[in-house]
Every structure is written in C-alpha cells, then in structure tokens.
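Trainee: Residue numbers (the numbering used here), protein chains in the order written: chain Y, 534 to 656; chain H, 41 to 431; chain W, 117 to 336; chain F, 7 to 358.
Treat the hints as calculated values from the structure; they're not laboratory data. Bear in mind that the values here come from a model prediction, so they are computed numbers and not experimental data. No residue lacks a Cβ here, since even glycine has one placed at the ideal position from N, Cα and C. It is possible that some hints are incorrect.
Claimed, not checked - Interface residues of chain Y toward chain F, partial, derived using beta-carbon atoms under 10 Å: (1) PHE603; (2) ASP607; (3) ALA617; (4) MET620; (5) VAL647.
What the hints assert, rightly or not - Capping the alpha-carbon separation at 27 Å, the derived lysine-lysine pairs in BS3-like fashion look like this: (6) W:LYS232 with H:LYS115; (7) F:LYS57 with F:LYS90; (8) F:LYS86 with Y:LYS574; (9) H:LYS115 with W:LYS138; (10) W:LYS287 with W:LYS270; (11) W:LYS138 with W:LYS232; (12) H:LYS115 with W:LYS270; (13) Y:LYS574 with F:LYS90; (14) W:LYS232 with W:LYS284; (15) F:LYS100 with F:LYS86; (16) Y:LYS650 with H:LYS98; (17) H:LYS342 with H:LYS245.
Stated by the list, open to error - In silico contact screen, one side only, chain H against chain F (beta carbon under 7 Å); selected entries: (18) LEU75; (19) PHE194; (20) ARG198; (21) PHE261.
Below are the chains, spelled out letter by letter.
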Amino acid sequence: MSDYYENYLTIFLFVLVGLGLFGAMIGVARLLQPRRQTAAKLATYECGVEAEGDWWTQQHVRYYVFALLFVVFDIEAAFIFPWATVMGSIADAWAVLVEMFVFIGILVVALAYVMRKGLLRWM
Amino acid sequence: MAGITSAEVSAQARVAAHMADVGVAVELETPEMTLNIGPQHPSTHGVFRLVARVEGEKIEDVEPVIGYMHRGYEKLCEVRTYPQITTLVNRIDWLSGYANEIPFILAAERLMGIEAPPRVQYIRTILTEMARIATFLAFLGVYGIEIGAITPIFHAFRDRERVLDLIESVTGGRFHPNFNRVGGLLDDLPAGFLAETAVAMDAVKRVCDDLEDLILGNDIFRERTVGVGVIPLERGLACGVSGANIRASGCTVDIRRDEPYLAYPELDFDVVTDTRGDCFARAWCRLQETREAVRIIEGACKALPAGPFMAKVPKVIQVPPGEVYQRAEGPLGEMGFYLVSRGGRIPYRVKIRTPSFSNVSILPWLLEGTYMADLIAIVGSLYFILGDVDR
Amino acid sequence: MSRLALVPEEITTSFRDVLGEKVESTSTFQGQAAVVVTPDAWVVAFTHARDVLACDFFTFVSAIDWVTDDADEGDAVEEPEEGAYVAPARDLLQMVGRVSSTGQGHGVTIKSNLPKDAPVIDTLTSVYAGADWHEREVMEMFGISVSGHPHPEKLYLTDEFEGHPLLKSYKLGAREVKPWPGDVNVEEMPEDAPVLDDAGNVVELSDPEVSEETPPEESS
Amino acid sequence: MTTAGVAPHAGSVLAYDIPWVDFVIPLVVKMLVIALLVPLSALVLGYLFLKLLAHMQSRLGPMEAGGFHGWAQLIADGLKFMQKEDVIPEAADKPAFAMAPAFVLVSVVLVMITIPFGPSLNVIDIDAQVFMALAVASIGTIGVLLAGWSSANKYSLMGGFRAAGQLMAYELPLLLSIVAVVMMAQTMNMQGIISAQGGFELFGTIPIPYVVPQFVAFAVFIVAAQAELSQAPFDMPFAESELVSGYATEYTGFRYLFFFIAEFASNFTMAAIGAVLFLGGWWLPWVPDGVLEVIGPFVLVAKILFLVFVFLWMRSTYPRLREDQLQRFAWKWLIPISLVNIGITGVLKVVW
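Sequences are here, hints too, so could you generate the full structure?
Mentor: Structure follows, in structure tokens:
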C-alpha cells in the first residue's frame, strides 16, 4: 500500500474513531441515565412559557450575503495556498508575486466595493 | 389599479428597482417572529417576561409582562400595624432592603409629628448609603455579565460583601434588616463599627477604580453601550423614570439635595449627572454615585453625633389622621409612600411608588425599533428589581 | 425645598384661578399642596400642572377607596379646625395623582372623587406617558374604568382573576380564615388588651379599626 | 503479538500483504491514544479553565473534589452528566439533533491527528496537512449549525446562525494568516514547517520561530482562533445573557457535555496548530534531534498550554462584541490586515 493511500485510509479510520468515541460515551450514558419523559420535559424551551408561533422562520438575508462573500474568499484562499507553497521555487519570482498581487488586488477592490455599498453593515 | 396609468406603474417599478439596487442590505422582507424573553431567562433579574415581536433582528414592538411576583403589598399594608409594615417594605427591592424602609418610616413620623434624634438620622443615612453601594456594586458586576464580561462581577461582589457584612453587623440582616422603628432605631451601632467602615470604604473605593478600568474603560463595552438606548429627558420625566436613569439623561434632580431628609443637608456630596442618556451614561452615573455614597458615609461617620437612638414615642404607634407623600432617593430612583391614615394603629391606604415600576414602563417605547443585540444592554442598563416592579 | 419651589398656597391658588368651579377643595396639609377637582377637569388639572406649574416629573396615579363608618363620621364632625386634615365623609372612590417639578422642586397632589357605582375617569396618557401602567393598575385593582386608555388590559393579575383587590370590600382571604396573630403583640396596654382563648386566638377585639379589618366571621 | 508481523502460515496472499508491523499495529495504538487524548485534553483544559478563571476573578474555583485543589472536579462533572437524562424535544428533528454533537467531536478528532507531537510522532504525514487541519475544523461548524437548526427552538436557531456567521467570517483571517507562514516555510506539511522554523535563523546565528518575523500573522491568528473557538469576546453563539445557551439550549445530559468536550478539545487543537505554525511545535533551539525525540511532546504541550493561557486570559478579560461589530471587525480589519501581511511577506520572500 502506498504512503499516500495509507494516510487517507488513516483519516477515514479516525472518522470511525470519532464516531466510536461518540457512540461509546452515549452508550455508557444510556445505561446509567434514567428515562422518565413527560410532556413538559419534551416541550420546547422558551423561557418557561409555551412557545409562541413557529420556531422555523426565515433568517435575515444578510447571512446569505456573508455566506457568498465567504465562498469567494475561501476559494481565493484555496488558490493562494498552493501558490504560497511553490512561490519560492519558481525562477521568475517577481512575476509570480505580481500575478498573485493582481489576483488579491481584484478581491480587495471587490471587498472595498462591497463595503462601500453597505453590504458589510450588519443592521 | 384602476386609477393608475401604466406609465406610473413602470415609474414605480423603476423606483423599486433602484431602491433594491442601492439598498440591498437595508431591508428585504423577513417574516415576523414572536420571541419570549423570560420569565425563565438568565438576564431578566427575576421573573420578568418580554414578549418581543421581531422582524429579522429588529424589534417591532415589545411588551413587558409583569406581575409574576405581585405580592399585593398595598393590600397587606392595610391589615398590618405600622411596625409590622417595615417587614414588608424591606422586601420590595430586595437588594437595598434598608433603603426601602426610610420613606415609609419618615412618612409615619411625619404624620405623627415625631422627629428622630440626630444620631438616628446619621445612622440611617450611613445605612441607606451602604444599601446604595451594595445595590450599585451588584449592578456594575451584573451589567458586566450581561454585556459578556465574566470577571468584574466577582470583584464587585467581593467588596459588596464587606458592605453587606457591615449592614449585618448593625442590623442582623444582610438583605432584610427591619431595623427602623418609628422614631428611631432598634439599637445603636455596634462597637468598632466606624473603624470597620473606614476599612470597607477604602476597599469600595479601590474596587470602583478597578471596575472603571475593567468595564467602563473597556473599548468593547463602550462600543456596546455608547449611543445605545438613549432616553430623552422629557420622555423620561413624563414616564416617571427616576434615579440614575434620569440623571444620566441630563436631569439634575436628586431628592437627597432637593427635598432634604435624614442627615443629607449636613453632608457634603455631589449630584452626578450626565447628558448622554445612553446605557453607558447610566452605568457611569451609578459608578460615580457609588463613589459619592462612600463620600457621604465617610462624612457621616466623621460627624456622627452622640445621643439616644430612639425618640420618645408612645408604646403603641397610633398615627393621627392625615395623608402625606413621602419620597426618598432610593438606589433605583424615587421611592415614595403615599400614606393615608384615619387614625389608629393600621394605615388606611398605602400607595407604594416604586422606582422600578416607572423605569420599566418606558421599555416598550425605548425598545421599539432597536435591534435584538442591543436589547439586553438596554434592559440591563435600566436596572430594575422585579420585587420593586411588582410589589 | 430648594431653588424656585412654589409654596403650596401658590399652587392651590393657581388651580383655583384656572379651574374655578371645577376645584372642589384644596389642602396644604403637611406642606403638600393637594387639590380635589371634578372628574371632568381631571386631565385639564394635570395639563395645568405640567404646562404652567412646570411639574414635568410624573410620580404616580392611584386611587383610594373611602369607606365611612360610624367612628369616622364622628371624627369628621368633631374637628373642623383650620388647616386640619379632613377625610372624605362619604363612600367614594378617589383618584390620586401626584406630579412634581424636577427643576423647581415642588409637587402637587391632584385628586378627583368618583362615585362608587360606575366610576369612570379620563386617561392621562396624553399628558404624561407614564400614566399608562399606573392606570392599568388602577383599573384592575379598583375597578375604575379609564376611558381612552390605549391598552386597557390587566397588568398584574391573570385574565381570569375576578374582583378588584384593593377595594375595601375585597376581603383578604387569609385574614378571613385566621385573624392576624401579630395584632396580639402590640396590644400590651392593659386597658384594651385582647381576650385570648386557650389556642391563643383573639376572641374579641376592642379596637374598632382592627375589627373592621379583621372581622371575626362573616357569612358568605 | 510477536508473530503478528510475519503470519506466513495463513497462506493467503491478502493476509501476507497487510503490513502489520509498519501500519496496522501503530495505527491501532494511535487510534487508542487519540481516542483518549480528546477527552483527556478536554479534562485538563477544562480544569485549567476553571482554576485560571477563578484566580483571575479573585476566587479559588473547585477545591473539594479529589482532595488536592479539586483536581477531580471535571471527572465528577462528567460522571454527573452521564447520569442525566438525555431529553430530545418533541419538536426537534430527532436524527439530526442526536447526531449533531458527533459532527463536532469527529471534527476535533480529525484536527487532533494532523498535529505532530515529535520528530517522528505523527499520525498522518501528508503534503496538504495544514490545509486539512483547517478543512476538518470546519466540520464542527456543520455540527453547530445542525444542532441549532434541529432543536426547533428560537434561541438555538439564532445561536446556530450566529455561530455559522461568525465561524465563516473568522475562518478567512485564520486561513490568510496561515498562508503567510506557508509562504515562509514553502510547505504545507506540518513537520516541514517545524523543520523550516528550525532552519530559520536571524543574522544567520539565532534560530527563531515564526512568531517573531510573522508577529502580525500571529496576532491575527490568535484573534481569529479565539473567534473560531467561540470564546469571549466572540462568544455570541453561546451568549448566555441573550440566547440562554445558544445552539446548545435544548441539549441535556451527555449530548450537552459533548459540546463542552469539543470546546475544550478544540481549544487544545487550535493552540496546537498555533504552537506548530508559530512557536516551532516540538522543536527547541540548540537541542539535538535525539533529545527532542524524547522531550518533543512535552515541549509541544508546554507551548500549547501557553497559548491556551492566552486564550483564557482574553476570555476572562473582555466583554462580548455585538454581532455586527464582530462581522465588521473580521471584514474591515482582520482580512485586509492579513492580505497586506501576505503581500509584505511575498515581497520580502522574493527580495531575500
């Protein structure tokens, strides 16, 4: 088995370790805990009074805006990481640097535009 | 649509499109949600409930629901004798029990025409101010928690405990002293009280400095409170908001100075005011008033006259017919008793004017149109005690 | 009193000048100005206090349930002295409101007498916003209807609650079952010491004031 | 166990091919160690949290349980939580509600395995190791959002959304501050970054970890990590005074405890990532590799505890930011600062 697959198999196995840990602890707890459920216990908590209206409401649109921004910058980060890893070993260092500056610069301009438009204003 | 031409429709559409373009973030419709905050909530100071209709994070309107702690004190006062009533009024604002007794006892003394001896006046002043310090230190700590700072409360409560110990050493009770009698006090000060007071007051002064650094001087705290929940002076007065809440809005009223009672006219202190009227100003005023209270106590201890701790009063307290409104500057604001007597040992009617009741009644107005994130900061800064609201 | 405070007499005179016939009586008992106005002048009186007398601070609004009995009527007849306190001599509900001036330091108590059957008063919320909750309390506690109130719902009590607790006719249940034992403690004066039975309960109360509050038994 | 590595008598090609000694046995040991390390680190850090906060707040903290300074307090707490009833509200989305803590826990376990504890003590050793650590750390966000959503409770939902918004906003400065380190080390492998720091010498003589040349990135990392861990001043998702208990409001018993185990364990892992990237991990200057082989884990833990102390110190000092201030801080300050830092690092890298 190659080293590469070994590592990824390991990661997969540790997902199972996490789930096993969770299962084992819940299992032990289940053996120890009492189970006497009443209607009041199963009710939704809303500060001691009956919950009013539907809990499932739309959240404000700004979460969507921030999520979009996040995706944009996260993809940026995904590009920067490989670049950062190899930038020192490429012969024409300045060209590599300038290229990335252009890339980041576009994003910074976008961020400034978004800020100017008031999209980063939470309220 | 009958009366609207198609040109007008398209003009409206253009405007709408433009609005959508310039203000995407401003408001897209989100459905309303009703949120109950309280009665079982970590920051409602007892059983208090706010029914908030929120749209997104904006509060459309909020309705405080009170009465969970209504104990019918006004009715109970009508079947109790005067000395028994101090037990009740102690429990109105439980953080400053001693300060509650003062206006009631003063009202009874006023109707009876009894003047308590000077020493009594000084001791009452000292204990009232100690109750004020205890209440304000609790506020400064708890408000820190509400804003999210978990450390200041322990420092505040550590030195609050010293003050409570002092109150206990005199009265035997930390929260409900029941120490006042019509015409005087139950007992004199214990030995060594003045020396211990001096030590405790130094500690309080130190902790005030600490709290100023930890809370009021903190940038995040300022960000959260400055300009938030502004009470305009006129509105506040019309709603009967009193105490540090209204002094933070630029009102210079202080009953201790304007309508002197106890030993206040002979003591030196400043009335703390601010003009900003926001949450920060309210907290700041309370911190400064704590310092002023220390000053009053130190002055009163220095000037404490000798003499009896009880005036000559009849064995059975009988109050002649009359009506009087006696108010006092409680830690939370104007605490007053409208006392109606028709003679005899039992009052005919006692209207208890509590500061928190009026202070809370401004909440629906104050919270309208604010944001959920500011709600706790605003509610906390008004600083009400539920016993004081519900009586 | 500090600064520019008006003396009580100035205040009562001011009310008489403006409201004339509408002022039923005035008093300066204990140095506190009090005026009794007719119910229709209730809002006008507060507006006058706010606008002319600079009473910007709303203190409270409440009510008193006056119940006369023989002893009180006797008292009232006996002492009609100048400046002395005179309680109303007939059964009525009395609205009491107090406002004060933060700038000048004076205050005034404004009252209005309402009949016990169908008591109605106008709302003060347009004059003092803070009257809102106080009036709701008056409504549920005394059964006085406040016309024009924006939210005439109960404030303290549950919706199902019946009766108006602060009326004198509303007996305190606990006292019905057992008289307040504390009464015994103060009755140490020999001339009117209570008679106790073996269980320590008060058999007979000599003070009329007390017996009114704690009627031994009442068929319900 | 002695024959495990050979097993020729099995006669099967498959059995013969499995590298028992090289792979399977070490892996099982590692699995056991990590499975223990997650709750253990939570216990130790939780105890430190209680004691440190207590002393910063002029009190003693737990003193009774276990005798010596209440060392067993959290064990007792754990036992108590075990006996608590596990209540799933009627209105909740039950499978999602039940599994949400597992996401958080798996995320912590996966971050834990990326950390090298010594020169040859690592569970995995892959090229994109830093990247993987950050990626799997985000799985926890899903768990939190899931917990908030599935509880069918307004407070939980708001807490979940706040958490998601916050974790997203601070993920970026965290990534960008690490990019600067990767640029200096020219590798995303953690062992590689550590050895790069060993070779990085000021004036050619004094070896220094990246915290000195990259102090801006380090500061951004500490702040962003604090936010990723949802600790004050960035504890809006939990905001006790506002949202009761945030996304964990409806949780009870051991499921509730998982959020805390995960919280402290991720404190540990986040501090470990910081220690590896900025403080040199298990490496110490002028100490030969052979010695580091032995003391490496202890050096790393010492550095981790130092960072944990910094986190807890901040936590006990600051009040909570408001949601909008939090977002503004990330987008208007941290992200631009880290972008500028990347630029400067790039220029310096090329010039050198």
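Trainee: All hints, please: hold or fail.
Mentor: Results for each hint:
1. Hint status for Y:PHE603: holds, given a least beta-carbon distance of 4 Å to chain F, under 10 Å.
2. Because the beta carbon of Y:ASP607 sits about 7 Å from the nearest beta carbon in chain F, less than 10 Å, this interface hint is met.
3. For Y:ALA617, the suggested interface contact is upheld, since its CB lies about 4 Å from the closest CB of chain F, less than 10 Å.
4. The restraint placing Y:MET620 at the interface with chain F holds, with a minimum CB-CB distance near 6 Å, inside the 10 Å limit.
5. For the restraint placing Y:VAL647 at the interface with chain F, the shortest Cβ-Cβ distance is roughly 8 Å, inside the 10 Å limit, so the hint holds.
6. Only pairs whose Cα atoms come within 27 Å are accepted, and W:LYS232 paired with H:LYS115 is accepted, the gap being roughly 19 Å.
7. Annotation: proposed proximity of F:LYS57 to F:LYS90 holds, straight-line Cα distance about 25 Å (limit 27 Å).
8. A hinted pair counts as satisfied when its Cα atoms are at most 27 Å apart, and F:LYS86 with Y:LYS574 qualifies at roughly 19 Å.
9. A threshold of 27 Å between alpha carbons decides the hint, and for H:LYS115 with W:LYS138 the separation of about 31 Å lies outside it, so the pair is violated.
10. With a C-alpha separation of about 20 Å, the suggested pairing of W:LYS287 with W:LYS270 holds against the 27 Å cut-off.
11. Of the pairs offered as hints, the one joining W:LYS138 and W:LYS232 holds, with about 20 Å between alpha carbons and a cut-off of 27 Å not exceeded.
12. For the given pair, H:LYS115 sits about 17 Å from W:LYS270 by alpha-carbon distance, which is consistent with the 27 Å threshold.
13. At roughly 13 Å between alpha-carbon atoms, Y:LYS574 and F:LYS90 fall within 27 Å of each other, so this suggested pair holds.
14. At roughly 12 Å between alpha-carbon atoms, W:LYS232 and W:LYS284 fall within 27 Å of each other, so this suggested pair holds.
15. Note on F:LYS100 and F:LYS86: the hinted pairing holds, with a Cα-Cα distance of about 24 Å set against a maximum of 27 Å.
16. Simply put, Y:LYS650 and H:LYS98 have alpha-carbon atoms about 21 Å apart, close enough for the 27 Å limit, and the pair holds.
17. Only pairs whose Cα atoms come within 27 Å are accepted, and H:LYS342 paired with H:LYS245 is accepted, the gap being roughly 17 Å.
18. The restraint placing H:LEU75 at the interface with chain F holds, with a minimum CB-CB distance near 6 Å, inside the 7 Å limit.
19. The restraint placing H:PHE194 at the interface with chain F holds, with a minimum CB-CB distance near 4 Å, inside the 7 Å limit.
20. Contact between H:ARG198 and chain F, as hinted, is supported at the beta carbon level, the nearest pair being about 6 Å apart and thus within 7 Å.
21. Taking 7 Å as the C-beta contact cut-off toward chain F, the hint placing H:PHE261 at the interface holds, the least distance being around 5 Å.
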